[in-house]
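Asker: Take a look at the letters that make up each chain.
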Amino acid sequence: MKPIPIPSEHTRFKINSAHIVYEVIDGEAIVIHLTKGYYYSLDKVGTTIWNLIARETSWTPLLGNLSEHFDCEPLVVEKTITEFVQELYEEELILFQESDSAIIESLIEKPTTNGTHGSHSIFTKPILQKFTDMKDFLLVDPIHEVDETGWPHKKLTL
Amino acid sequence: MIFETSTQTVSENTEAQAYFQQLQGFFETSLLKSGGPIDRFYQIAGFVLRFRFSGSGLLSRFSPAFNHLLIPASDHSDLTIYLWEAESVPNITPLPWSSNDYLPMGFIRGYNDERFVTIFQQESRALNMLDAVTNEAVFCVPAAKKIPSFENGHPLIPLLHSWLARHERQLVHAAAVGKPEGGVLISGQGGCGKSSTALACLGSSLSYAGDDFVAVRVSPQPFVFSVYNTGKLEPEHLMRFPHLVSFHRDQKEKSNEKVLFYLHQEFREEIISGFPIKALLFPEVVKGASRIFPITPYEALKALAISTVSLLPGLFDLSLKNLAKLARQLPGYSLELGPDLSAIPALIEDVISRAKR
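Protein sequence lines, in the order shown, are assigned to chains A and B. To convert, note that position 40 of the first sequence is 40 in our numbering; the numbers rise steadily by one, no gaps. If you want our numbering, it's the 1-based position in the second sequence plus 1000.
The set of hints was computed from the structure by calculation and includes no laboratory data. Where hints are given, some of them may not hold.
Computed cross-link-like contacts, DSS-like style, restricted to lysine-lysine with a CA-CA straight-line distance of at most 25 Å [claimed, not checked]:
#: 1; chain 1: A; residue 1: K79; chain 2: A; residue 2: K44
#: 2; chain 1: B; residue 1: K1258; chain 2: B; residue 2: K1287
#: 3; chain 1: A; residue 1: K2; chain 2: A; residue 2: K79
#: 4; chain 1: B; residue 1: K1146; chain 2: B; residue 2: K1033
#: 5; chain 1: A; residue 1: K79; chain 2: A; residue 2: K14
#: 6; chain 1: A; residue 1: K2; chain 2: A; residue 2: K14
#: 7; chain 1: B; residue 1: K1325; chain 2: A; residue 2: K130
#: 8; chain 1: A; residue 1: K44; chain 2: B; residue 2: K1321
#: 9; chain 1: B; residue 1: K1325; chain 2: A; residue 2: K44
#: 10; chain 1: B; residue 1: K1321; chain 2: A; residue 2: K14
#: 11; chain 1: A; residue 1: K130; chain 2: A; residue 2: K14
#: 12; chain 1: B; residue 1: K1179; chain 2: A; residue 2: K130
#: 13; chain 1: A; residue 1: K44; chain 2: A; residue 2: K2
#: 14; chain 1: A; residue 1: K14; chain 2: A; residue 2: K125
#: 15; chain 1: B; residue 1: K1146; chain 2: B; residue 2: K1258
#: 16; chain 1: A; residue 1: K125; chain 2: A; residue 2: K79
#: 17; chain 1: A; residue 1: K36; chain 2: B; residue 2: K1321
Given the sequences, and given the hints that come with them, work out the whole structure.
Answerer: Next comes the structure, spelled out in structure tokens:
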């Protein structure tokens, strides 16, 4: 099993857009993982983080933004956000990219300029809800064999 | 996107182009055996579609679902679909791809790009291929009789979805009832009560545009187009619809699956080709009295997306964006659907009049 990375100042986040589609409406996101056949809903705090990830924000500015935006002890924010981005990574909804440019970005980027409007909200633990009832539809068995006339058909499993 | 894109550009995908031409050649050869093409023209979602059948097998399976949209033969068509059975000659083989090239939802690796869509439907063993530049498509199956009966209710979904989406029409897994001045889209996952709600409106002042898949134009104002005149019910629910029982007997359907109705045959005057959408409705079967209450745009999008995105092959991002536009523009309501179906038309009329205010 792939180890779960720990975000650092070298980390830049990215939506796993080869495998997912998502939409944000009224401050909440719905995310569909097309290859796994799962869909997810994110609450408002989760969606705030998601929107920052969608801008390929790196770790330090992301933390800075959220600490500015939410009324909460920065260490608590850091711990909670670390767990949350790791959960998103485990579900293969986002990618971690390690690069030196993330450090440079953290030096030049001002926290409150990145979409959270600088207003103070109460910080609650972000929630990622997972639903599996699309799986049967999306994951149609792709394995086929070819019959004697050349037409594909389902591979029989014994 | 993993299911549908290729790094090949339109001009580079010569394999897809060559195979599409080969398939058209197979169709032409099939005409030698079938005795010539049978053309049917339909006005679907504002476009003229020509279905060119070789033989009567697929004609008799597919045309009843579209008969309410039949138009006289035309010199012009926006899309031509060539349909034939390959059981005898000519076959479509050898296939130019390997068994490793079948991707989820039936996409064929290397044969899908901006121009071409190539999808193999596992259940019916149908090969669908669209050339979006020439606006031509092929649909080929080993034998029409082997197509699962549930597909009679909504034929050609992969091709219609792939082509209509390129022309600002979104297929939505939904029923629709209303009047020329406005109506509702009724969506939700299978078994939520979409069909019961729509069929309960037969005989009321609300006309019927479909109960399974409809086409929607999102902008400038949401508008729904009927695609299929079919209705489906679980056999055990049939007795709740007395007006459909005798009709069902006439149709002589024999199946343990859902009972399929071609409503154009018996309820021609109650079918409507389309109307502006005024609200989104999401039924849920309950034991108590039927009632309606508003839901948030987020809840509406979730219900729309879950029921539609998983059933349509490809263009997932576009579909989700279109559904989100609908959820943002239109009021959404949850319909608790009780056993007394006679109350449903009035509740829907109320939703429509609320949306107009």
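Asker: Give a verdict on every hint.
Answerer: Here is how each hint holds up against the structure:
Pair hint A:K79 plus A:K44 holds up; C-alpha atoms about 18 Å apart against a cutoff of 25 Å. Simply put, B:K1258 and B:K1287 have alpha-carbon atoms about 22 Å apart, close enough for the 25 Å limit, and the pair holds. For the hint linking A:K2 to A:K79, the alpha-carbon distance of about 21 Å falls within 25 Å, and the restraint holds. Proximity of B:K1146 to B:K1033 is assessed by CA-CA distance (about 20 Å); at most 25 Å being required, the pair is judged to hold.
Restraint check for A:K79 and A:K14: the C-alpha separation of about 20 Å stays at or below 25 Å, so the hint holds. Between A:K2 and A:K14, the direct Cα distance comes to roughly 18 Å. Compliance with the 25 Å bound is thereby established for this hinted pair. Using a Cα cut-off of 25 Å, the hinted pair B:K1325 and A:K130 holds, with the two alpha carbons roughly 23 Å apart. The straight-line distance between the Cα atoms of A:K44 and B:K1321 is roughly 19 Å, inside the 25 Å bound, and the hint therefore holds.
In summary, the hint linking B:K1325 to A:K44 is supported, as the alpha carbons are separated by about 20 Å, within the 25 Å threshold. At roughly 20 Å between alpha-carbon atoms, B:K1321 and A:K14 fall within 25 Å of each other, so this suggested pair holds. Straight-line distance between C-alpha atoms of A:K130 and A:K14 comes to about 20 Å, which keeps the hinted pair within the 25 Å bound. Taking the CA atoms of B:K1179 and A:K130, the gap is near 39 Å; set against the 25 Å cutoff, the hint is violated.
Taking the CA atoms of A:K44 and A:K2, the gap is about 29 Å. The hint is violated against a cut of 25 Å. A threshold of 25 Å between alpha carbons decides the hint, and for A:K14 with A:K125 the separation of about 21 Å falls inside it, so the pair holds. Only pairs whose Cα atoms come within 25 Å are accepted, and B:K1146 paired with B:K1258 is accepted, the gap being roughly 17 Å. Between A:K125 and A:K79 the CA atoms are separated by roughly 10 Å; this keeps the pair inside 25 Å, and the hint holds.
Between A:K36 and B:K1321, the direct Cα distance comes to roughly 20 Å. Compliance with the 25 Å bound is thereby established for this hinted pair.
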